[in-house]
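K.L.:
In case you want the letters, here they are:
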Amino acid sequence: MNKDLIINALQKVREQKPLVVNITNFVVMNNTANALLAVGASPIMSHSKQEMAEMMSFAGALVINIGTLDSVWRPGMFFAVEQANENNKPVVLDPVGCGATKLRTSTARQLAELADNLIIRGNASEIIAMAGEKSQNKGVDALDSSEAALSAARSLVEAYNCCVVISGETDYVVNNEATHALSNGHDMMPFVTGMGCSLSAVTGAFAAIGETTGLAAAAIFAIAGEIAAEQSKGPGSLQMNLLDALYQLSDEEVLRRLNIKEC
Amino acid sequence: MNKDLIINALQKVREQKPLVVNITNFVVMNNTANALLAVGASPIMSHSKQEMAEMMSFAGALVINIGTLDSVWRPGMFFAVEQANENNKPVVLDPVGCGATKLRTSTARQLAELADNLIIRGNASEIIAMAGEKSQNKGVDALDSSEAALSAARSLVEAYNCCVVISGETDYVVNNEATHALSNGHDMMPFVTGMGCSLSAVTGAFAAIGETTGLAAAAIFAIAGEIAAEQSKGPGSLQMNLLDALYQLSDEEVLRRLNIKEC
Amino acid sequence: MNKDLIINALQKVREQKPLVVNITNFVVMNNTANALLAVGASPIMSHSKQEMAEMMSFAGALVINIGTLDSVWRPGMFFAVEQANENNKPVVLDPVGCGATKLRTSTARQLAELADNLIIRGNASEIIAMAGEKSQNKGVDALDSSEAALSAARSLVEAYNCCVVISGETDYVVNNEATHALSNGHDMMPFVTGMGCSLSAVTGAFAAIGETTGLAAAAIFAIAGEIAAEQSKGPGSLQMNLLDALYQLSDEEVLRRLNIKEC
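From first to last, the protein sequence lines stand for chains A, B and C. For the first sequence, the numbering used here assigns the number 1 to the initial residue and increments by one for each residue that follows. For the second sequence, the numbering used here assigns the number 1 to the initial residue and increments by one for each residue that follows. For the third sequence, the numbering used here assigns the number 1 to the initial residue and increments by one for each residue that follows.
It cannot be assumed that every hint is accurate.
No copy labels: a pair is met if it fits in one copy or bridges any two.
[Stated by the list, open to error] Lysine-lysine pairs mimicking DSS-like chemistry, simulated, CA-CA at most 27 Å apart:
#1 K12 / K102
#2 K134 / K49
#3 K49 / K3
#4 K3 / K102
#5 K3 / K134
#6 K134 / K233
#7 K49 / K102
What the hints contain is simulated information worked out from the structure, not anything from laboratory work.
Could you put together the complete structure from these sequences and hints?
P.N.:
See below:
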């Protein structure tokens, strides 16, 4: 049962406090580190080749986010994925702005090609662009519905033998065996920068304890966001309340709110 | 009428959701992205030459902030301004720490020289130093009154054929045709880092929809800050409440609070 | 008396508003700048060799934090410490993740070796690793008790002729003359990223006004954190409330809560 999977995964994260290595963008480093701490994991932000082999030998997972990509950090991302592969650790890829520029699109695809054990977490426009379909994206905000990205997600699952999470009004969690639709969350969430990035980081924590489909992380994060938004009068409050909600989230609250179905 | 200009500009930003490209400092990336989202715009943080030509072809405006300047990022700033020029897009320059070091002063002036369609947004010490007058600045916080920067602002308007916004207890918005004094805001605002940087980013959103004087952005931001500070017991709350206030701001509240006069 | 030292130091920071130059990690730049502003100091984040000599000529202190270390920023850290030495300014070193990788351990030691006037502020695992003892650390979170780091701290005091602050459930402030135990703070604090980094930054402000033992900063910060946590339902609120508490902190509140003893 999905409900058990989700609850058990949350308990495992809190008990095992997995170390998650993040090469992420400058905009969201603070938020993603705090989201990982709030959910019970131990974040480390690191991008130097000089320490990545050591890092990946004791880390539980690697999260790569291409949000402020440049030629200085790019090689470190590939090196980190190689180290994750060598240590048999899962990789979460957040293809921020994929489709907006050639640099981002090609880098996202090359990283996905390289990773052995991969979860891709993006918004609809990014997933569509990554699969080579036509997205309406011009920046980093989604301009396509998450449903419109379902066939693209299935292409990515096949092309990279990976799991895909599409964030949006409805989240879709797609893998070789099933597709789940999650209807939790809140429409104020896109007004806070880095919500998707934080979900990607949290997905790394769940992957580190063996939940490599992305489903549990997507459910936990959307439910926490939903609770937080209900208590918030705007995106400033929401950013703060989200961390409190992740920290406080009880099994009962998850079970009560979870709105999931298989498609 | 200025009141109509301000209200109409806010409505346009919310309707058109302009994409604003930011090369900004590491300290404020999160806040400035969130300020842009809260006011209704779509932020993207990018600094790589490899994607800047594409970015500026579909963006509405460019914001350059020299807050954590170095020799790695500096060339990307000049390249981005060239791309903005080629695409006929407005550039907002935030000369953070201008006057504190030669690197910042000379870089700010060279960027201003290069930009065709320019708004400079700084504190009094930065504006004074940029114009070559004697400021009391040693760091990034203003040690001069905004009124003392008026003649410097007028020099910059002439030198670079630009608009200038001086932030301070009173904000001054200076261009070839007029000078306006804005008496909104709150004296707790300087206790939050990056308030000026966030205003610069928001100025980019308004420039993108055609309000290139800086007046509407300065008014909207100061009023949101004033509302937020009245609800805050300290700078932590203020940072959060500012985003909520930008998100919730109504035309009526703007009209009720707006305290502007032509000098 | 320690109580007088702490109260007087806080008053001096608020009156003199010392300029503190920070080369710090990308995760915490915003928080540490805000903590410095909230306590009354003036932060500047700068890492470029091109401006560091000027910066250190008028700054009150230098804070070096190796949290997102790489080969691009590393040389700037050494250059900055040299400039601090030349200008006879105190240096605060935060050895983030020391022990987790060779790069961090060796860089921390080399920086400590170089600095003439040094305060080291770290968690127990970092202090233990820096002294060459066996820590349990694998990431950036402490896995050792602060008491277990006391002998390591004393080794560092001797090796580098410095002061050491160990953060943890009990904070220890160790120097050539005495060791103090501080029992303020709150166990929710480790769930917010960069709490230690913010303390290191604030330690720089106090060092700039002549309180170079680290004691006053550790006491003020722990008491502010304690007040903030009591008002917070989770780490999101705590991050916000901490800045409010630092801003609002009264002498009476410090005196009422201070829980210090000499060991």
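K.L.:
Give a verdict on every hint.
P.N.:
Do the hints match the structure? See the list:
For the identical chains of this complex, K12 and K102 are neighbours neither inside a copy (39 Å) nor across copies (30 Å), given an alpha-carbon limit of 27 Å. Taking the shortest alpha-carbon separations for K134 and K49, only the inter-copy value of 25 Å comes in at or below 27 Å, while the best intra-copy value is 35 Å. For a Cα distance limit of 27 Å, the shortest separation of K49 from K3 qualifies neither inside one copy, at 39 Å, nor across copies, at 46 Å. Neither within a single protomer nor between protomers do K3 and K102 lie at most 27 Å apart by alpha-carbon distance, with minima of 40 Å and 42 Å respectively.
For the identical chains of this complex, K3 and K134 are neighbours neither inside a copy (35 Å) nor across copies (42 Å), given an alpha-carbon limit of 27 Å. For the identical chains of this complex, K134 and K233 are neighbours neither inside a copy (36 Å) nor across copies (44 Å), given an alpha-carbon limit of 27 Å. Taking identical chains as interchangeable, the C-alpha atoms of K49 and K102 lie at most 27 Å apart whether they share a chain (25 Å) or sit on different chains (12 Å).
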